[in-house]
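Number of protein chains: 4
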Amino acid sequence: MKDQLRVTVIGASGYTGGELLRLLSLHPQAKITQIVASSKSEGLSISTLLPNLSKTIDVPLSTLDIPAIAKEADLVFLALPHTQSLAPVAELLSHKKLVVDLSADYRLKDAQVYEQWYQTTHPNPDILKDAVYGLPEFHRAAIAKSQLVAVPGCYPTVAILQLAPFVAQDLIEPQSIIIDAKSGVSGAGRTPSQGFHFPEANEAIHAYKIATHRHLPEIEQGLNYLRSSSGKIASASPITIMFTPHLIPINRGILSTAYAKIRSGMTSSDVKDIYHRFYQDEPFIRVCPQAEAVNPRNLRGANFCDLSSTFDPRTGLIISSGAIDNLVKGAAGQAIQCMNLMVGFPETMGLTSPGLFP
Amino acid sequence: MKDQLRVTVIGASGYTGGELLRLLSLHPQAKITQIVASSKSEGLSISTLLPNLSKTIDVPLSTLDIPAIAKEADLVFLALPHTQSLAPVAELLSHKKLVVDLSADYRLKDAQVYEQWYQTTHPNPDILKDAVYGLPEFHRAAIAKSQLVAVPGCYPTVAILQLAPFVAQDLIEPQSIIIDAKSGVSGAGRTPSQGFHFPEANEAIHAYKIATHRHLPEIEQGLNYLRSSSGKIASASPITIMFTPHLIPINRGILSTAYAKIRSGMTSSDVKDIYHRFYQDEPFIRVCPQAEAVNPRNLRGANFCDLSSTFDPRTGLIISSGAIDNLVKGAAGQAIQCMNLMVGFPETMGLTSPGLFP
Amino acid sequence: MKDQLRVTVIGASGYTGGELLRLLSLHPQAKITQIVASSKSEGLSISTLLPNLSKTIDVPLSTLDIPAIAKEADLVFLALPHTQSLAPVAELLSHKKLVVDLSADYRLKDAQVYEQWYQTTHPNPDILKDAVYGLPEFHRAAIAKSQLVAVPGCYPTVAILQLAPFVAQDLIEPQSIIIDAKSGVSGAGRTPSQGFHFPEANEAIHAYKIATHRHLPEIEQGLNYLRSSSGKIASASPITIMFTPHLIPINRGILSTAYAKIRSGMTSSDVKDIYHRFYQDEPFIRVCPQAEAVNPRNLRGANFCDLSSTFDPRTGLIISSGAIDNLVKGAAGQAIQCMNLMVGFPETMGLTSPGLFP
Amino acid sequence: MKDQLRVTVIGASGYTGGELLRLLSLHPQAKITQIVASSKSEGLSISTLLPNLSKTIDVPLSTLDIPAIAKEADLVFLALPHTQSLAPVAELLSHKKLVVDLSADYRLKDAQVYEQWYQTTHPNPDILKDAVYGLPEFHRAAIAKSQLVAVPGCYPTVAILQLAPFVAQDLIEPQSIIIDAKSGVSGAGRTPSQGFHFPEANEAIHAYKIATHRHLPEIEQGLNYLRSSSGKIASASPITIMFTPHLIPINRGILSTAYAKIRSGMTSSDVKDIYHRFYQDEPFIRVCPQAEAVNPRNLRGANFCDLSSTFDPRTGLIISSGAIDNLVKGAAGQAIQCMNLMVGFPETMGLTSPGLFP
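Residue numbers (my numbering), protein chains in the order written: chain E, 1 to 358; chain F, 1 to 358; chain S, 1 to 358; chain G, 1 to 358.
Hints in this document: simulated from the structure, not taken from any laboratory. Watch out, some of these pointers could steer you wrong.
The list makes no distinction among identical chains, and a pair is therefore deemed to hold if it is satisfied within one copy or across any two copies.
In the DSS-like style, the derived pairs of lysine-lysine whose C-alpha atoms are separated by at most 30 Å in a straight line are [to be verified]:
hint, residue 1, residue 2
1, LYS272, LYS261
2, LYS55, LYS31
3, LYS272, LYS55
4, LYS272, LYS40
5, LYS145, LYS55
6, LYS97, LYS109
7, LYS209, LYS40
8, LYS55, LYS209
9, LYS40, LYS96
10, LYS209, LYS261
So that you can see chain E by itself, here it is in the shape it has in the complex (with noise of 0.2 Å):
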């Protein structure tokens, strides 16, 4: 088949990496035709990693060998940890691939903002200047020109979706923004350690990293971004946010309830409407009736995210409700959403699943 886009993984032993092969293995116009994981592992089957994937993708694991690479993918994906995508994207720019970085290192616009964040300088700032933030509801033909997109963190992805009505329209005071976020225990990772161990993260639950996670700087840059952008906005004073992070005992998915101080001439009505007039166009946009709907127990395994807003005369504060599966829309769904974008593919195509229930 001629039309078949090559596609190759990096970093296929993660549960993003393993998400991006189960929906590759659904899409209908792209081939799967490098598996990347670590050299201990290659030439073995991808179901001695990923049990799931058994029967339905046979594709041998390779080592990372980029020239090899490039000679059979039109696009790669990049499933690494933070820092270790510096150098495979510029090397793969350099082959004129098209790149779809899931790692956070293409996510700052601002090389210190990364530096200061990841203690680590960034070696390639002109790379960064190009790359293409990878939330299609607000970069859509930004994304469709690219060669580098770098998708959004899973928090980031949800919050900017959540608030980005709000702040887009300049609704509500910039610097009353908190953001009370919890996440299943796939946010964390594959690699096993003692906070992570069955017996201690289930029926517990905790914050972690408050007012320090890495994702907030990439909350602020995104919504500050919107409000640049919007043309409305006179004051420029830039939006700061609070963000804790939790974690829960779920597998997958992720539950955002943010804060902030409406201005006035807001009525209940306008905030339960807001995500239904904003969004009426996105398709994996849902709002939901009522906050009590917002529940990533209905996104297991899909590329929604689901959306409901409040407020509270009382208080005069909006409470939004946002709920993604951490690993597709946070991840690996978006990531396919952004390459259908780049490869003139329908954007929704692959990736029109309903999620699991229950």
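Starting from the structure of chain E, add chains F, S and G where the hints point.
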């Protein structure tokens, strides 16, 4: 599209009905024309009952009206509680519709056995005779020619698949089989009750209906059919099994551990290889390298059955591990596999998605 | 033994009643003389309702007969749904019994506020005036002299304890408090319903009753009491809070994350040390070294409240993490703590068990 | 208090050590004088390893120094991985200390069997001979006179208790026993690894070490002891069992389902009553009205073993359901029960707490 098969799902408010809809939405040749739920939901969106289906299926809910269904459907799935399918199946057959029934009502060939285990006289013993047991691995040809398929229960599916190679080849003592099965809570349906209340079912496990579960006669019927139809077995002593189901705190999935006394002459490697040899051409059977890898977590949402077997020379027992997703290969997926056979689609069409991991 | 306090528990079939019985069975000076459940259980063993209590408590179940109870009890616990305690409490008081009520019926001092949030006219506003709010950390002396103690709700217990040092010392803006709380499912009681059915509540999280939960006025009453009674605060502007509860898939435990705007002049280390300084003599408050350690998993079955606070200089917010076992410090344990005070036992008697880990 | 028994716990960083400390803190006559963990924790508070113990136990952590321990302890518990207890036990005995070892090192009476299953030559076969197997229900008198007690493994505890009445009274075929056991993840210890990483162990179940688990020879030794010591059994054919453990996604608890061929002459009601008759005076055995009620959820933190048995006339099998908390009756609780016997305290002292429900 003239090739589209028009299908109706009756009983859409439960987990099995929901799973049918989810899987049908992924099927390239099936078109859902009607969704039937209880009369109080008439006209509502399916997402009011199953929010995971929001924005993926937009057929409004109807009530049970057989003539209306007959007009708009080529094939009808019934996902109703046992005894409630008895009449609608007969009526749909009289309208010359293809029928796939997921209840227990047409599974047992002997009306008296049905009466004994379900405390109801079977009103249509003649239809019972024509119904085909919908386990494609053993009834492929009959399913393809049938107008009515009775989809196996979840426990019988995995139990028969895991024991078939031993029974059909007369390798085990017919009176020695013990099946110790463990099922996730979705197997108990969607109606709330004390035993399935989260704080009571979570962090818990218990056996139930020991030696009295209604799937017991179905398993025995399935194994005795294999035994008698194998042509190898002179002695007619029928198989009698011990069957103990357990409830475990997971949403989906069954793990079935079966024990049986091996006939002399088998070696460990004979046992180890048996599934590979017996099922090598089966698209939905996956043979695992060892028992530890047979785990419903690798099967969430997938139509596979994973198998492994072990021989213990100390006791002369074979130990078989089998796993399925009770809602897919144990219900809705198998139903669609039957549908594919009944209408001449490729058997695996729409059913090759890998499981969700994690 | 003449020193034994004779106690009766009314409402023993629910989780709170069960927890009272479990804790009372460990109390060296309390003797359970009667256990009252619904009339259909009369004469049965408590283990038919609560199998964990088998072989540890052998008092047969009785029905609600106040004169009979008054004869055999010095002190009575009521663990009934709200509105159902209204009459029995009054009657027990008229029999000169000590009463510890775990419902919401005598918590709110203002009968009109009760009416507004519970849609019922309060029949005994005079008793309401005499009832003492059973949070020993702030009402110790009054509890000791009281005949009727209204045990706080689970959310108010942790919310008031975590915010008290800030409110009593006037360190935060009174209109800036946001409480984002997460509760295990036992908090919703023992009656099965769709939302608490295992496959729906498992692998799930959602917000509910945003800004409308009945514990909201109770938290505001508690904090405003601290504010007005501190003597430090000139301005009378009362505290108004935003309160969002969430349901999480654990059996027991609440984690409450509270946010508030700090008044100028506080430093990070002031905030870090605040609980240590404020609560140093409290036997049931544990100050954790960091927010990550505040986790209900460390509190299963224990009467402690774990606390930690953080200051974020970027936003000027304090972030407080508080955790309790909702059935112990949030209900039955606190009730026994009040009992100890009311009858002159050491406050911690029978309540010093560590939590179960894991 | 001169009556206080001075005890030391060696190996306090794991779940079993932690559970010993929790239970000892509730024991009225035991005083923890030393807690031994790894050298890197020396001087730290136990709550740095086990935060649930914060504010309940304040003995600082020491390192393993036998002479120092001997000075301050009357009795020493060892909760170390197998093979690591071999030397310290011998040394402590030479200091005339009472020793309760929770490892497998002194459980198997035959040094060659130990060597075969643990791949280590046993250095102290003479001590092995004097060690008493710490299952009080069958070795009460010997434990009371012993200086060294080897606490049974978790699976053997429940397996021996559930099969004992049948074996000791020669009611079942000695070669027919199959034990299908299901354990929570705490049974695997506290060291993180891939298989116990939350997203891999959650929503999952699998068999492991089929017919090769190290508890197998321990169960056979225990049952054969009962068989040979019953005096009723002429034939000396020893018991050989099939044992299949499974891992299930709960923190604590084992459910063991055992099957065996009944000898002729037994009736359903004989089987139904067997535990009641056999164990009527045992303080820690609870007979449940039916198998459905045997559930580790009723035993969290409690030292009971819950039992029920069923006879299936169709197959001639008895099916026994047994449940314990693997960390209590399966480890730390049983160890304290042995301690009580060794020093002459009432056997149930400190061990009568009901389980936590839910």
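Quick rundown of the hints versus the structure:
| no. | hint | verdict |
| --- | --- | --- |
| 1 | LYS272 x LYS261 | both (15 Å within a copy, 27 Å between copies) |
| 2 | LYS55 x LYS31 | both (16 Å within a copy, 27 Å between copies) |
| 3 | LYS272 x LYS55 | between (46 Å within a copy, 19 Å between copies) |
| 4 | LYS272 x LYS40 | between (53 Å within a copy, 27 Å between copies) |
| 5 | LYS145 x LYS55 | between (36 Å within a copy, 28 Å between copies) |
| 6 | LYS97 x LYS109 | within (21 Å within a copy, 61 Å between copies) |
| 7 | LYS209 x LYS40 | between (33 Å within a copy, 26 Å between copies) |
| 8 | LYS55 x LYS209 | between (40 Å within a copy, 25 Å between copies) |
| 9 | LYS40 x LYS96 | within (29 Å within a copy, 52 Å between copies) |
| 10 | LYS209 x LYS261 | both (24 Å within a copy, 19 Å between copies) |
Violation of the numbered hints given earlier is absent; every hint is satisfied by the structure.
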